[in-house]
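Q: Protein sequence lines correspond, in order, to chains A and B.
Take the first sequence: its letter number 95 is residue 95 in the numbering used here, and every next letter is one higher.
Take the second sequence: its letter number 40 is residue 40 in the numbering used here, and every next letter is one higher.
Heads up, some of the hints might be wrong.
To give an idea of the interface, some chain B residues facing chain A are shown, with a C-beta separation under 8 Å as derived from the structure [what the hints assert, rightly or not]: (1) Pro-16; (2) Ala-37; (3) Gly-70; (4) Asp-99; (5) Ile-100; (6) Asp-121; (7) Arg-138; (8) Asn-163; (9) Arg-172.
Over 12 Å on every C-beta distance to chain A, these chain B residues come out as not near it, computed from the model [unchecked claim]: (10) Arg-5; (11) Ala-150; (12) Ile-196; (13) Arg-199; (14) Asp-269; (15) Trp-289.
Covered by chain B, according to a simulated footprint, are these stretches of chain A (three or more residues, beta-carbon under 8 Å) [unchecked claim]: (16) 73-80; (17) 122-134.
Keep in mind that the hints were calculated from the coordinates and are not lab data.
Since this is a predicted model, take the numbers as computed values, not measurements.
Even for Gly, the Cβ is constructed at its ideal location relative to N, Cα and C.
There are 2 protein chains.
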Amino acid sequence: MAERRSQIVLGIDPDPMRLWPRALAMVQARGTVAERAGRAVSAHCRLLLEAAGSECVAVKPQVACFEQLGAPGWSALAEVVADAARRGLVVIADAKRGDIDISAAAYARAFLRGTPTPFGDVEGLGADALTVNPLLGRDSLAPFVEAARATGAGLFVLTRTSNPGAADLQDRELADGESVSDAVARIVAELGRPAIGARGLADVGAVVGATAAGHLARLRAAMPAAVMLLPGIGAQGASGEGLEAAFAPGPAGGLVSASRTIADAHERDGGDPARSAAASARRLRELVWERYA
Amino acid sequence: MAERRSQIVLGIDPDPMRLWPRALAMVQARGTVAERAGRAVSAHCRLLLEAAGSECVAVKPQVACFEQLGAPGWSALAEVVADAARRGLVVIADAKRGDIDISAAAYARAFLRGTPTPFGDVEGLGADALTVNPLLGRDSLAPFVEAARATGAGLFVLTRTSNPGAADLQDRELADGESVSDAVARIVAELGRPAIGARGLADVGAVVGATAAGHLARLRAAMPAAVMLLPGIGAQGASGEGLEAAFAPGPAGGLVSASRTIADAHERDGGDPARSAAASARRLRELVWERYA
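Same shape as in the complex, but just chain A (with noise of 0.2 Å):
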């Protein structure tokens, strides 16, 4: 973060119908629709890390994006993680999975490990952090810090998120007066607590989302350790503004992350998408930076 003075994360969730004209041009005219569709995403995600790369510290590639194109997503993702370490950003693979026992371990080989086969290993996607669901309760959890410790890997478990639903369940009161993000919460600093390094954060971060601000100073409070990843800036509606409470142990305590803002920059600005992204992210690196280094 000191090196590039930025606390940005750069959201990859490609659209295939909204991909920037310069990729669909990249791409050859054989395989099948998918192969296709998976190169485009492909490119598309290449050209995006060339012009806003430079101006964050990390990607969250959004795993639906991918999926939705079947195995030649998986390809497509596979690359586009490879592409970003490349770069040497780190890699948040946004996939909010969680489930119990072998297949919360089964999900944590596929994005944080790799997979052994009677054919050899079957490498894992190597990202260097993954999103994960808490509502299946600690037992869900435990194989994925397992197998982030095991890796020198990180964990953001969503705590309070970024959508108005987010008032459902997350914010419901519970019969000791905390809310369930903050039962959550306490979860979160539990599981780190057996991994706070040396400038005292945690290897289990949470998502919590730019536009619950006013629930920034409690979390924090209950999560002192916790690395929190921010979206909801720019489309979702947040400013960035009030986000000191995420930045209290320090410019790496909270991570700002943006997808649309970066990507569609050019659909508002009309101009050309790389030069439009760079831009809209240095502005966005500059004002985080200025306000929360």
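Since the structure of chain A is already known, use the hints to place chain B on it.
A: What follows is chain B alone, placed relative to chain A:
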């Protein structure tokens, strides 16, 4: 169900290191490690379906087990879905997905629908139903409901899962006296209400662990039209008793899911994997049918 006299869902959770020997013998020595593992998993699932499919009404592939093999795993999953559909089995993709707006819509396209691209439509997986995680609230479920309703598919919302960790959040009591699971059950009922069929069952169902029999009556009261998908029999310790409330709307009110109990039956009885799986599925089918049909 009436035709097959079965309320059994065949859970398909292939572990590459525990595939049936006959499946391994079928795999040709070409391609990458992941491709060979994917073909082995696909062969294993085909043999399992051949052996035990006719005792069941549905299959429930655990997506994590396929995803851990990357793109070849997704190809194997697509083959298993197609094979199960050919055998007249309802396919419930156990993906436990949950995300906001455009990402939820992308997952719904991946599993239920299909994705428009500039090169034509990419087919979705073609599942008949999908398990989804409700933590992000109503607006995160809406794209799944829309896609399911458009394609005649169904959803199973995680309501009270079968693992001990379900107590951490799902069983917590809210300030108004209901539990988090109760709140989910009310959302399930609400989402399904516009699409209750002639038999009194909705297209939005619920995952309720068979290990959580003590919660069943209360949850059934909150969502009288929901089909309950009941995992946890066998390997996870549930006996199959005490599930009457699930079947209150009729024999199709509940679906009893079993995975390792069937696929790994030979490890307990020492017989041929296919014969042991068939016998185990038949016993379970008869036991459940006798008790709840």
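Q: A separate judgement is required for each hint: does it hold in the structure or not?
A: Taking the hints in turn, this is what the structure says about them:
Using the Cβ-Cβ criterion of 8 Å, the hint placing B/Pro-16 at the interface with chain A is satisfied: the shortest such distance is roughly 4 Å. Look at B/Ala-37: its Cβ gets to within about 4 Å of chain A, closer than 8 Å, so that hint holds up. Among the interface hints, the one on B/Gly-70 holds; its C-beta lies about 6 Å from the nearest C-beta in chain A, closer than the 8 Å criterion. Below 8 Å, beta-carbon pairs count as interface contacts, and B/Asp-99 has one with chain A at about 5 Å; its hint therefore holds.
Because the beta carbon of B/Ile-100 sits about 4 Å from the nearest beta carbon in chain A, less than 8 Å, this interface hint is met. For B/Asp-121, the interface hint holds, the least distance from its beta-carbon to any beta-carbon of chain A being 7 Å, beneath 8 Å. A cut of 8 Å between beta carbons decides the hint on B/Arg-138: the least distance to chain A is about 5 Å, and the hint holds. Using the Cβ-Cβ criterion of 8 Å, the hint placing B/Asn-163 at the interface with chain A is satisfied: the shortest such distance is roughly 4 Å.
Of the supplied interface hints, the one on B/Arg-172 holds, with its beta-carbon coming within about 5 Å of a beta-carbon of chain A, less than 8 Å. Here B/Arg-5 stays apart from chain A, with its beta-carbon at least about 29 Å from theirs, past the 12 Å limit. Chain A leaves B/Ala-150 outside its interface by the beta-carbon criterion, the shortest separation being 15 Å against a cut-off of 12 Å. With a minimum CB-CB distance of about 22 Å to chain A, B/Ile-196 clears the 12 Å threshold, and the non-interface call stands.
Non-interface call for B/Arg-199 relative to chain A: holds, since the shortest CB-CB distance, roughly 29 Å, exceeds 12 Å. Consistency note on B/Asp-269: stated as away from chain A, and its beta-carbon is indeed over 12 Å from all of that chain's, at 21 Å minimum. Taking the minimum C-beta to C-beta distance to chain A, about 27 Å, the non-interface status of B/Trp-289 holds against the 12 Å cut. Chain B is given as covering the segment 73-80 of chain A, and this holds because 4 residues of the stretch bring a CB closer than 8 Å to a CB of that chain, at least three being needed.
A count of 6 residues in the segment 122-134 of chain A with a Cβ less than 8 Å from any Cβ of chain B is obtained; the coverage claim is therefore met, three being the minimum.
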